[in-house]
Amino acid sequence: MSLSTVYVGSYAEKDAQSIYVYKLDSETGKLTLVNSTSGILNPSFLTVNADQTRLYAVSETNDQPGSVVAYALNSQTGELTRLNEQSTNGAAPCHLALADQERYLTVANYLGGNICLYPVLPDGQLGDLAYEVQHHGSSINTERQDAAHPHSTNIDPSGGYVYVPDLGLDKIIIYKLDSMSNQLVVQGDTMVEPGSGPRHFVFHPQQNYAYVINELSSTITAFTYNPDIQTLTTVQTVSTLPAHYTGSANTAAEIRIDPSGRFLYASNRGDDSIAVFSIDADDGKLIHVERVSTGGQGPRNFALTPDGTLLLVANQYSNNIVSYSIDTQTGKLTVTGENLQLPHPVCLKIFN
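Read in the working numbering, the sequence shown has 460 at position 17, and its numbers run on one by one without any break.
FYI, nobody ran anything at the bench for these hints, they're computed from the structure.
One or more of the hints may lead you astray.
Think about it this way: if two alpha-carbon atoms lie no more than 20 Å apart in a straight line, the pair counts; the simulated PhoX-like pairs of lysine-lysine are [to be verified]: (1) 473 x 792; (2) 775 x 728; (3) 792 x 466.
None of the values given here were measured: they were computed from a predicted structure.
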């Protein structure tokens, strides 16, 4: 039996258990609780360093500046030891990522409209805020795009550039992480269709392609990516929903590519499904394969095992995590039958 480790962030009050560590049986999809921790409000997004000795979590608040919390991590016992906490200077921190050989942490504040950069100290603590960028502007959706709403910070394969989809601006803003000055320097930006609301972003693991999932339009935009000059060129936009969709109001959420680079997965909240696409190796375009139910409501996040054989989806509103086996030849999903009940799970990270 092969076991992976799964880290789960959830929406919870500060005195409740909110970050969970599970062992995942890669043959059956069964999750077994190893440890959990409290003391942090709404750790809605997590990141873990490569050797699983540090975990970082946003503490999401809507009516005041949020924060980011650093933990020492024992990956065998799942024990988290709090190291320190830094303010994000903006409301609703929603995403974070380690950059530049894990020497920095980047954080996006959805309601604050700002991006923060922190040095990671040798002991894993976060240094004081090194740099902050404030986004400004709006787009055509008057309810959701009345202001800037950066939704994720995504690190390019070199580790030195940060790609930030801003849902409120309908653009992906590209920054260079200048380690000499501890600054984020604008390199350029790429627009998506007005009203799309770009949310999360992925680079292809082997080829120079990249993809953004657009929350408001329930679409995915495919790009060619030039690593030499850090630019994106749009090649395709496809729906995550079937043609003539008439179901519940839908917002797209998460996007992932399997380790082989052959398949892309996207989640729909409302339709409550995972859309599966194959990736054309010649041009990066997406070809629809299937759409499967997530077995719950509000699939805000999902993750694949490092070997690409299992997919786990976190259903925020139905309080459950459902696992699927992946056919590595077709990309298709089959429910394993494992269905874990857990309050408001919204972030999954899986490691060997």
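| said: For a C-alpha distance cap of 20 Å, please report whether residue 473 and residue 792 respect it. | reply: Distance ~15 Å between residue 473 and residue 792 Cα, so the pair holds.
| said: Between the alpha carbons of residue 775 and residue 728, is the straight-line distance 20 Å or under? | reply: holds (18 Å)
| said: Between the alpha carbons of residue 792 and residue 466, is the straight-line distance 20 Å or under? | reply: holds (12 Å)
Of the hints listed earlier, there is not a single one the structure fails to meet.
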